[in-house]
Amino acid sequence: MSRAAERAIRAETPNADQAAARGRLEVRGVSKAFTVNGAPIAALNDVSLTVRPGEFVALLGPSGCGKSTLLRLIAGLDRDYKGSIVQDGEAVTGTSLERGIVFQEPRLFPWATVRQNIALGLKNAPISEADKRAAVAAHIALVGLDGFAEAYPHQLSGGMAQRAAIARGLVNRPRLLLLDEPFGALDALTRARLQTELQRIWAHEKITMILVTHDVDEAVFLGDRVVVLAPRPGRISRIFDVPAARPRARSDDDLVRLRNEVLRTLEHDGAADPQLSPGSRSDA
Amino acid sequence: MSDAILETALSTRRAFAARGWREWSGTMMLLALITRAKATAWLLIFPAVTLPIWIIGSERGWLAEQILPRPADVLHTLNEMLASGELAQHVGISLLRVLLGFAVGAGAGLALGAAMGLSRRVDDHVRPLFTAIAQVPALAWIPLAMLLLGIGETLKIVVIAKAAFVPVAMNTSAGIANVPRALVEVGETFRFSPLQMLRHVVLPGAVPPIFTGLRYGLTHAWIALVSVELLASSEGLGYLLVWGRQMFWLDTVLVAMIVIGIIGFASDKLLAAVEARLQRWRTDGV
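Going down the list, the protein sequences come from chains A and B. Under the UniProt record's numbering, read the first sequence as residues 1 to 284, first letter to last. Under the UniProt record's numbering, read the second sequence as residues 1 to 286, first letter to last.
Looking at chain B on its own, in the form it has when it is part of the complex:
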């Protein structure tokens, strides 16, 4: 009887594979679209509520215009700054700093995290120091770093790198150390070399936590960028914020905030897409 049940199940799946697969995936895609649309609708609720309040509030003068400018003014400033190329210049320099700092910090974080995750010895020796360094926020490193490095580009890259380094190293080491022992044993029975073990067992198994670390790292890199530009810069989005506040150009401040938010959101989505691509097995098929 079990044979009959199994055979039926097998033939049903084969039939699916042969004929119905296209229709099936079509239906699934439609379902996915609906789910997507629902999620987007939820995302839009907050702006849909706050934007009218902002518009009405600024029209009626609930807050002074110097404190909360009208959305139209912000939009106008945005257009102006876009047209003059000023915004592009600030965005460009900030992006470059984040990319450089993130590349250095995440690279070092991956290397150290992997070493700590793979070797008990390295972990024992390095972790106490690492934890101590990690506990001091990137912002708190700025005064000392300023004295050592001046207020040039090196300072900014180092502070951003430090901010990205900590979460990447932490999640990478935890992810690698937590790859199930059961799967490592399977690799052992196949006589995998250390390199094969890394390539076929450890790294694929650690992809989710490593990417969690990278996404945190990128977010922290952005936060550090704004902080370090607030303190020591004459260009960039953080500088735009400080300068706008000092001049009481709140429309400029808001433009900078919006741009930072959009870029941060987009870069996080980009990393999420890369992760999804690396983990196709999770979503492939049913």
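So here's chain A without its partners, still in its complex pose:
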């Protein structure tokens, strides 16, 4: 990112440090059931989790463990659940500009340019048109898409489209950014590069991020904590602290050791459920 863009983003939030004190999320006793062919299926069973302001939490688990479901509940896209979800003292009762979300598919509007797509995120933001324009430009720069502002989604590569989606998720300056397997559909090189970029953006923005993934390396590389979920019904099986200093290197011995430990937990969870093969990486 250019220095000018960084300055623009800073100027827009003079109280960035104050904002950093927010973004606390409390999930208490959340259960969620779907009805399949008339029979209720438990997707989440009594999940409780507290996320600190500015923390990076990775929700890790095999397909069907309910991690994406949990993220949708936090986002406010699904209000049909038991338990409570509270962000910064306010109960989540629907979607909010305080919570940005990046989906697995970029979900850009195909009829709008990158700039228009990001600007649409600000439609209901209580700031002036000039500030909106500045914010859009700053976030295009933040994700490294300068020069592509006027491109349409079908002209972008998968990685570029996902960058645009990240910019769109951040443009409202939410206190919490939710990421639902955002790099799952990308090739390995692009994925690695975007993981590094996300780490940089997180450090720069100082906001809380919750990342859903089934990629152990990704979870360990990015997370302050890795929350391992087990399936049927979806529940928290174990929480790992990742003490490694940032910025991190993938080859860090501590990270590699932790990665193996997380993998063992996943295999153990899988072994308890005969229907699930350990290390299964199929998409949810």
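Okay, the calculated bits of chain A under chain B, using three or more residues with CB under 8 Å as the criterion:
#1 106–113
#2 119–131
Below 25 Å or equal to it, Euclidean Cα-Cα: the simulated SDA-like pairs (lysine to any residue) are:
#3 A:Lys-123 / B:Leu-195
#4 A:Lys-132 / B:Pro-194
#5 A:Lys-82 / B:Arg-191
#6 A:Lys-206 / B:Arg-191
#7 A:Lys-123 / B:Glu-185
#8 A:Lys-123 / B:Gly-205
#9 A:Lys-123 / B:Leu-198
#10 A:Lys-132 / B:Arg-191
Bear in mind the hints are in silico, worked out from the structure with no lab data behind them. Note that this is a predicted model, so its numbers are computed, not measured. Ideal placement from N, C-alpha and C gives every residue a C-beta, glycine not left out.
Fit chain B to the given chain A structure using the hints.
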């Protein structure tokens, strides 16, 4: 390494944007022209084959002149009718009927289609009746409509409107209901109001099916026009057809057919152009 590859790709595209764009778009335009020319050539094959057969056939008297007049005669009649203003009068009245009927029918179709596409409730209540009405062709409504409305202009407008209404309503409701849920969710995360959702997500997403409906609607409006003018009119292109047949003026019949075909083709192209304009993002750039 990935960085290097990406940077190369980025700088290549930037270079394109800076220097090569004009040449690039020039090349693309030339390619588009060639494609265009090829398509036109294919279009002309059918007339190129049938026209000589028609000319030779009518010269040699394969069919009686009363049944298949010579192309030269048809052309002559066309010129005559153009010069006398007779053709313009018939075309004018028919165009007016189609435009009025289409405007009423398509307008109502858009409104009902949007209501059915947006609201489960409206759809549940209205669709059975709508489907039943849609299944009865516009032509079959004419006898009843005649008794109710007489054989004046109202009858024609109503029958044409009905013909345009059905495909427009059907495609609009399907198009709106099928806007991807994933994109609607994005709108929800931005806290879009219902109006914003309509303006920024639903309508842009439903443009292709809505236009398919409008084009079908216009075609059906033309068909209905000819039918209703055949039955109850003393002017217009449909009337020209009936009158020409009764008088055994097959050249007049052919002129009317050709004019109907040309106008229908032109109006469909016009709608296609409007649609392309609304969907520039599909073709813009590479």
